[in-house]
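Chemist: Protein sequence lines, in the order shown, are assigned to chains A and B. Okay, so the first sequence: first residue is 1 according to UniProt numbering, each after it adds one. Okay, so the second sequence: first residue is 1 according to UniProt numbering, each after it adds one.
Hints are not guaranteed to be accurate.
Stated by the list, open to error - Below, in silico cross-link-like pairs of lysine-lysine (DSSO-like), each with a Cα-Cα straight-line distance of 27 Å or less:
#1 B:Lys120 / A:Lys419
#2 A:Lys88 / A:Lys68
#3 A:Lys87 / A:Lys154
#4 A:Lys240 / A:Lys154
#5 A:Lys319 / A:Lys211
#6 A:Lys381 / B:Lys299
#7 A:Lys71 / A:Lys82
#8 B:Lys258 / A:Lys583
#9 A:Lys78 / A:Lys154
#10 B:Lys224 / B:Lys145
#11 A:Lys373 / A:Lys253
#12 A:Lys346 / A:Lys321
#13 A:Lys342 / A:Lys381
#14 A:Lys416 / B:Lys50
#15 A:Lys381 / A:Lys319
#16 A:Lys381 / B:Lys50
#17 B:Lys249 / A:Lys416
#18 B:Lys113 / B:Lys50
Derived from the structure by calculation, the hints contain no laboratory data.
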Amino acid sequence: MCNRCALLHFPAVISFFQQVLKMIFFKEVILGFRYWVIASGWCFFRRNVNDRQDDIERAKTEGKELTKEEKQRLRKEKKQQKKNKEKKDEKASQGSEKEKKSGSLAAAAPQPPAKSTTVKTPSAVPAPAPVSVPSSLEAPAPVDKPSKTKAELKAERRARQEAERASKPGKKGEPGQQAASGKQKAPPSELQPVIKRLPEHIQVDNPDVLKKLAKKLERQQVMGLNPTKKIPLRLDYGYKVSLFSHLHQYSRKAPLTQQLSIPSTVIHPAVVRLGLQYSQGIVAGSNARSVALLHAFKQVIRDYITPPNEELSRDLVNKLKPYISFLNQCRPLSASMGNAIKYVKKEISNISSQCKEEEAKSKLLNCIEWYIKEKIILAAKAIAESSIEKINNEDVILVYGCSSLVNHILFEAFEKGRKFRVIVVDSRPRLEGREALRRLVQRGISCTYVLISAVSYILPEVSKVFLGAHALLANGYVMSRVGTSQIALVARAFNVPVLVCCETYKFCERVQTDSFVSNELDDPDDLMVTRNGKTQLESWQEVPSLGLLNLVYDVTPPDFVDLVITELGMIPCTSVPVVLRVKNVDQ
Amino acid sequence: MNEEELVEYFRAQMRKDPGMASAVAAIRTLLEFLKRDKGETILGLRESLKQATGCLMGEDSSVAVSSGGELFLRFISLTSLEHQDLSHCKKVMEERGELFLEKISMSRNKVAKLCHTFIKDGAKILTHSYSRVVLRVLEKAAAEKKRFSVYVTESQPDAAGRQMAEALKKLNVPVTVVLDAAVGYFLEKVDLVIVGAEGVVESGGIINKIGTYQMALCSKAHNKPFYVVAESFKFVRLYPLNQQDVPDKFKYKADTLKSHQNLSEADPIIDYTPPSLITLLFTDLGVLTPSAVSDELIKLYL
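Bound conformation, chain A alone (with noise of 0.2 Å):
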């Protein structure tokens, strides 16, 4: 069925065949033959439907793990498809190139949806088609085949194209590319029911998942403006330790606003500051970050314009993207701060049409008012009222690291008269207990100050530990500081209450039983100590062997902790999910 009637579907051949057999045979005759000619052109097309339709389906099933003989029998089919394509090529380089064109003009009507939408039409371009049968071959394929054989594949249709190119004028490299990457990214799609996405932040070795992400930094900001004034990627810094090759390590020294440039018309000038308050450990803390993220939009709205032709709704929106995508960049977002953005997309596109600009503006900056004072303000105080009634006089109580609520607690019981001392453990390398120290100090309560590894030498002293928390999680762990599942463990081990507070609009719906699989790596060269002149691990960068981590937080299991005060009340770590699920039909 190949080769020779393969010849026979070129329209000049087959009209000089009729001419033929026109002067010899019989009108009937010449119909039978165009029939016969489009009866081939449809057997030709079926076998290349069924062959892809084989593939989607192989890929399907096949999508949730390849064995390796699979991967091999897979590679092998598609060099074996390759050579049968070259053969056709050699033999009649035009002719194929026609025949492959009317063929996939025959099959372009019928194709599955997500191919159709690369195939232009057919009276268009010619180049895509040629180009978008093989890449149809391969794509169909399951995606998490390993990177090498991508490349040489695509190394192969290169050179095919460079031969293509030569003969043939035309813009064939960059559609015929974004076919490619179009194909690519249809049979995710497909297979998406099968493979859960898993998100970037954390799959930072994959070299294809970089590639995504520069791509889409780069559709956020085309927009019609100067490629050269786009937000670079940040790139990571130092030997990352194997276990946390996943996660981006930066360094501090090499804030992303040095790249941008100025003025910066892409990145508003108070998001820039806030990236780099951020990066540079200015603005840190759950809460702070919030509050100053939420004060930076309620910036970028009030400068916002709408465009002619657009829905603030819908255009607003779209401007946060690229904003929200930096912020990533200079550092990684936390989960208070995703949920506010949450509410902040969702208010913006609840925005009715009808709404004038102004009054849409201030509508939105009246809700991020509400929203700092109810869920961060109020939710303190409340937490606050609960907590008094777990402080009794001569109690001692054990806090970690700097937290604005649990501070807040203690200064709200001070005013109410209980009496009880505080003892602040403290970690390197970031030494947030001087703060939270200096703070309760002033205000007159006395306090004691400890590194964390004597806690287990001043725990017998200790009536209850309060600490604060980065994140509640879905299956009641909780996300705070490094150090502070330690405490847990030693006070769990004493028999000493441990007390969270948190307040709601920190529970975060993921689920996370371990500290590796998401979490954050600060700059490595914060673990540097200079004392008396010397540095030491100065030259930490020259031995191979040597790696430094700066974990920033770890999860607790929810049997060490006895108690969460939340706004809402006091409820054991369990209940998380049942908070959630509340808070979900209120809204």
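Please build the complex by placing chain B on the supplied structure of chain A, with the hints as guidance.
Modeler: This is chain B only, laid out in the frame that chain A set:
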């Protein structure tokens, strides 16, 4: 209805039916109070109900009375949002109050129905002090022709365990009264431990007669299941972190609270058992694990 009438009514209810839980008697009293109340506003009504509950606590300082009163108040307040007219509102409240009482009088039977299946033939059961719910469960199990024997702790200072032993003898169940201090000694012989509760707290732990905590610790050490049977109106909005954290007003008998100056000399009559020591709770809302109690409480109160 003033304070003396209230207390008198309460005592009369307790006398009339000794098998009734003190919380149910308290709720009946509050319902009667509601019927006789001459207040003009909802807010005034709530205030006077709160005062009445406090008054009843002065008579019988158990956790159950407090929780029953609070639940009744909650039940009432949810009604008050729907109707504008006070008298209409009160009538609806009374109807709902009667309905509530009817429901909770069935709760003990519901609990017994759930729990008796966990008592296997030939089982040896350990229980603590006198609990009407546990008695009901054992009655049901005996009615199902199961053969089991019971060890009851004496439960000083009021020797309520002996009362329990008497009641069980009437059911023809072989029963042994043991010393409170002998719990560890007898635990290797028993198969399961069932106790009642005076109050179930938010964390999933229970407040019960003193000695329960010890029994729970010993059963955990011996890996024996520790079951708690309690009706849902005993769920209370407390969250103790340890023994010390339980409010004093529950720990001592009402007369002790009034007479004694220095409470540290008095003996506490209840203790708190944390949820980590409890295997399952049998309530009229179903069989719950300790962490599910908070879920139910959120549904009841929030």
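Chemist: None of the hints should be skipped; say for each whether it holds.
Modeler: Here is what the structure says about each hint:
no.: 1; hint: B:Lys120 / A:Lys419; verdict: violated, 54 Å
no.: 2; hint: A:Lys88 / A:Lys68; verdict: violated, 30 Å
no.: 3; hint: A:Lys87 / A:Lys154; verdict: holds, 19 Å
no.: 4; hint: A:Lys240 / A:Lys154; verdict: violated, 30 Å
no.: 5; hint: A:Lys319 / A:Lys211; verdict: holds, 22 Å
no.: 6; hint: A:Lys381 / B:Lys299; verdict: holds, 24 Å
no.: 7; hint: A:Lys71 / A:Lys82; verdict: holds, 16 Å
no.: 8; hint: B:Lys258 / A:Lys583; verdict: violated, 44 Å
no.: 9; hint: A:Lys78 / A:Lys154; verdict: holds, 13 Å
no.: 10; hint: B:Lys224 / B:Lys145; verdict: holds, 24 Å
no.: 11; hint: A:Lys373 / A:Lys253; verdict: violated, 35 Å
no.: 12; hint: A:Lys346 / A:Lys321; verdict: holds, 13 Å
no.: 13; hint: A:Lys342 / A:Lys381; verdict: holds, 24 Å
no.: 14; hint: A:Lys416 / B:Lys50; verdict: holds, 26 Å
no.: 15; hint: A:Lys381 / A:Lys319; verdict: violated, 35 Å
no.: 16; hint: A:Lys381 / B:Lys50; verdict: holds, 26 Å
no.: 17; hint: B:Lys249 / A:Lys416; verdict: holds, 22 Å
no.: 18; hint: B:Lys113 / B:Lys50; verdict: violated, 34 Å
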